[in-house]
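K.L.:
Guided by the hints, dock chain B onto chain A, whose structure is given.
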Amino acid sequence: MFVAVARTDEILPGGMKAVDRAGKKIVICNLDNTFYALERQCSHQGASLDMGTLDGYILTCPLHYAQFDIRTGEVLNGAVPPDHRNPTGNLTVYPVKMEADTIMVDM
Amino acid sequence: MNVKARKEALRYFFGKVVDPMGYKFSPDEELVDFSLEQEVLLEQKYGVPYCPCKRITASRSENMKIVCPCIPFNREHFDAMKRCWCGLFVHKDVTDPSKLKQFPAAALKKG
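From first to last, the protein sequence lines stand for chains A and B. The first sequence lines up with residues -18 to 88 when you count with my numbering. The second sequence lines up with residues 302 to 412 when you count with my numbering.
Bound-form chain A, shown alone (with noise of 0.2 Å):
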């Protein structure tokens, strides 16, 4: 089911924000006015990424570097330094439409 999280004009390019919806704590990202969804928390140790740098289509873990790539979530980089016992994963990505100026995201 769709939800409005955001307006577009809430988010400048390569900007964030954190949205809580639905019981679930997801971070909508501008790249070039296309907007993402992943879930907020790095996952590796929970680190809020909304807390971190977004650098194009990169998104940079505030604890540990870890680096994603927002478009499909894919973990490009793990924790430094490299953290074996407690690896990072791929970050869930939602599905997001536009309605309008209105972020919809599927959660």
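Derived from the structure by calculation, the hints contain no laboratory data. Check the hints yourself; a few may be wrong.
Claimed, not checked - Computed list of lysine-lysine pairs in DSBU-like fashion (alpha-carbon distance at most 30 Å, straight line):
#1 B:K393 <-> B:K383
#2 B:K383 <-> B:K400
#3 A:K(-2) <-> B:K317
#4 B:K346 <-> B:K366
#5 B:K383 <-> B:K410
#6 B:K325 <-> B:K346
#7 A:K(-2) <-> B:K308
#8 A:K78 <-> B:K305
#9 B:K400 <-> B:K366
#10 B:K400 <-> A:K(-2)
#11 B:K317 <-> B:K366
What the hints assert, rightly or not - Quick partial rundown of chain B residues pointing at chain A, CB under 7 Å, derived from the structure:
#12 V304
#13 A306
#14 R307
#15 Y313
#16 G316
#17 G348
We put the beta carbon where it would ideally sit given N, CA and C, even for glycine.
P.N.:
Quick look at chain B alone, frame taken from chain A:
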């Protein structure tokens, strides 16, 4: 982890870092692809994308000088060669990297 995706990410980041320093990726795409792949493997092992052509030592401070792109720590040397030690990066005006010569930093100091 997906090596191909990480190579693309390193290419994205490194390109932005070396551009203001007057460098670009080598036009030799095969060399670039191979070097980046080695860096990804080093990164997976050590957590840091070290230069694949230099020796990792027990000294962390020394090792930090060979984190790719290591141009700032070898500026004079690389500028003289118009390439970094691996050849991954070359000066922006270089079109044929095969014509560039590699020589040790000691040779530069001797003049």
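K.L.:
Verify the proposed pairing of A:K(-2) with B:K308, using a straight-line Cα cut of 30 Å.
P.N.:
Holds. A:K(-2) to B:K308 sits at ~28 Å (cutoff 30 Å).
K.L.:
For the pair supplied as a hint, B:K400 and B:K366, is the alpha-carbon distance within the 30 Å limit?
P.N.:
holds (27 Å)
K.L.:
Checking one constraint from the list: CA of B:K317 to CA of B:K366, max 30 Å. Satisfied?
P.N.:
Cα-Cα ~19 Å, so holds.
K.L.:
Going straight from one Cα to the other, do A:K(-2) and B:K317 come out at no more than 30 Å?
P.N.:
holds (25 Å)
K.L.:
Within 30 Å, alpha carbon to alpha carbon, are B:K383 and B:K400?
P.N.:
The hint holds at about 10 Å.
K.L.:
If you draw a straight line from the CA of B:K325 to the CA of B:K346, is it 30 Å or shorter?
P.N.:
Holds - the C-alpha atoms of B:K346 and B:K325 are around 26 Å apart, at most 30 Å.
K.L.:
Run the distance test for B:K393 versus B:K383: straight-line Cα separation, threshold 30 Å.
P.N.:
Holds. B:K393 to B:K383 sits at ~9 Å (cutoff 30 Å).
K.L.:
Grab the minimum C-beta distance from B:A306 to chain A and call the hint holds if it beats 7 Å, violated otherwise.
P.N.:
This interface hint holds because 6 Å falls under the 7 Å limit.
K.L.:
Hey, does the B:R307 contact hint survive, CB to chain A under 7 Å?
P.N.:
Check passed: Cβ of B:R307 comes within 5 Å of chain A, closer than 7 Å.
K.L.:
Assess, step by step, whether the Cα of B:K383 is no farther than 30 Å from the Cα of B:K410, and give holds or violated.
P.N.:
Holds, at about 16 Å.
K.L.:
Regarding the pair B:K346 and B:K366, is the alpha-carbon distance no greater than 30 Å?
P.N.:
holds (18 Å)
K.L.:
For the hint on B:G316, just tell me whether its beta-carbon gets within less than 7 Å of chain A.
P.N.:
violated (10 Å)
The structure is inconsistent with the numbered hints 10, 12 and 16, although it conforms to all the rest.
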